[in-house]
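Each chain is listed here by its residues.
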Amino acid sequence: MKEFDLAIIGAGPAGISAAIEAAGMGASVALIDENSIPGGKVFSHTHDHLQDTLPDKIEKRIGSPLLQRLESASSRISLFLESEVWNILDGWIVAVHRKGMSGEQVKSITARKLIISIGAFERIVPFPGWTLPGVFSVGGLNTLAKKGIIPGERILIAGSGPLQLVLAHHLINAGARIAGIVNAVSPRDVLARSAQLLLNVNGSVLKSGFSYLFSIRKQGIPTFFSHALSRVHGTTQVEKAEIVRVDRTGRPIRGTEKEIMADCIAYGYGLIPCCEITRLCGCDHIFDDQLGYWRPQLSEKMETSKPGVFVAGDCRLVKGYPAAIEEGKIAAIEACVQLGYTNRQTAESVLKASWSRLKRFKKFARAMELLSRPGPDLLDIISDDTEVCRCEEVTMKDIRSAVAQGAGDANDIKKRTRLGMGHCQGRFCGQVINELIWKLTGVPKEREVFTPRVPIKPVPFGVLSQE
Amino acid sequence: MEQNDIFEIEVDGRKVKAKSGQSIAEAMLASGFRVFRKTRNDAPRGFYCGMGVCYECRMIVNGLPNVRTCMTLATPGCKVTTQNETTMKVGG
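Sequence lines, in order, name chains A and B. Under my numbering, the first residue of the first sequence carries the number 28, and numbering increases by one thereafter. Under my numbering, the first residue of the second sequence carries the number 16, and numbering increases by one thereafter.
Hint data in this document are derived by calculation from the structure and do not stem from the laboratory. Any given hint could be a false lead.
When the alpha-carbon atoms are kept at most 20 Å apart in a straight line, the in silico DMTMM-like pairs for lysine to aspartate or glutamate are as follows [stated by the list, open to error]: (1) B/K53 - A/E266; (2) B/K53 - A/E420; (3) A/K442 - A/E462.
Could you build all of it, start to finish, from the sequences and the hints given here?
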């Protein structure tokens, strides 16, 4: 088993920044990522596919040097790509499954410290038809658009949040036709909340934002505020969408449904942190009512409640790559202090500057969240035939009958219906199941999460037996 | 392999163009494929999250089932098959 001072899980902006910093101080570093190239969702396309527009230039200006620095530090950083972490044992032993077509690619590594930087993923509210091919997450379609792949003739962007603009921008650049943008937030709230955002962004984000808005205005794309997708029709793939007006709490107003012809739909309500690995490590998490998501509890040095386990980037607080790069650095410096590669005094002076730069990003995260979080009554969009758990095809009707038979909490529903037991391991249905139960029983109880189970990502049986 | 090298992969017996650096899913979507999988209740599924979380794009790649095509690079000549879970005995 290979031994390292530091294992970093997730090679996006936060992970790369942490790896460069720690390797620079002399620590031996393992940087692990599921993808075939480093960079995460935001930087993995930096070199080839970006256009000459302002936001893409900014992305490139920050991303390219980061990737170059990683490359020049390659003798000191062991990069494990196409490598999936499926278990972590105290100590720390990180069980890694190297994907790929041939077998015999199983590896485990040991590390004295861990930095977890696995990013964020889509917040969802299920609706009837959301499992049809042609419905993409906003992030998923954005990945394609950035590479110039446009899987449809008429694209509808629905949900909420600033990512809608980023996606529209990339789609327009790639020559796509956008049928409309549907946003569940009211125009009044969008304006008020955007003001909050504007007060807390740095110049480059602000410039990108205006550039996004400008390209959308120029295209004359129809925009539907206070509306949500209520259904998608189609037999084997998306044929048309139905949207409905929603009130300020998100409640759909029946009778206001409209049809929009679309063969491709991007859907999502902003991003939330990926907590599966911090949960697996046994770190404490809190449900942040202001932000509307679970996040690990951290010290200002990015250390979790488990000594030696650090977190950096969007898997702690969703706020984008400039802050993630800063946090990666902080986590690495503190880990190196603990490992003895630098002394506390030297570290403190660097950390102080980083902390002050980070302050602003926290307000930015809050403002982003305000623009993304749907009203609580948007859950009324979930009809009886809606698949709440995509993996196990568990419908709202199944949940309703389980509750009628006495199921009182999320883990109980899981046992009775298999909801949350499929390939994604409850990452999507787990976002709404508490609220659905509360709505059905009329009794809000303590919020539950599914108990983390190993393997946290599906791996072949052969992998388990070799460990 | 040079960047932007174009080659072919095979999806359900059909030749599909791919570029180096593209995932199998990207090559398929660029060629008009939407359905990647059938669930055990025969419901069609396709590419959804694009980041390895949802597993909806899993297919049989070179005989290996449950491969996330969004996370797997296309390689010249690789054989990809729609994963039909109504008839699959294991996995799914």
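Is the hinted pair B/K53 and A/E266 satisfied, with a Cα-Cα distance of at most 20 Å?
The hint holds at about 18 Å.
Verify the proposed pairing of B/K53 with A/E420, using a straight-line Cα cut of 20 Å.
Holds - the C-alpha atoms of A/E420 and B/K53 are around 12 Å apart, at most 20 Å.
Does A/E462 lie within 20 Å of A/K442 when you go C-alpha to C-alpha?
The hint holds at about 18 Å.
Violation of the numbered hints given earlier is absent; every hint is satisfied by the structure.
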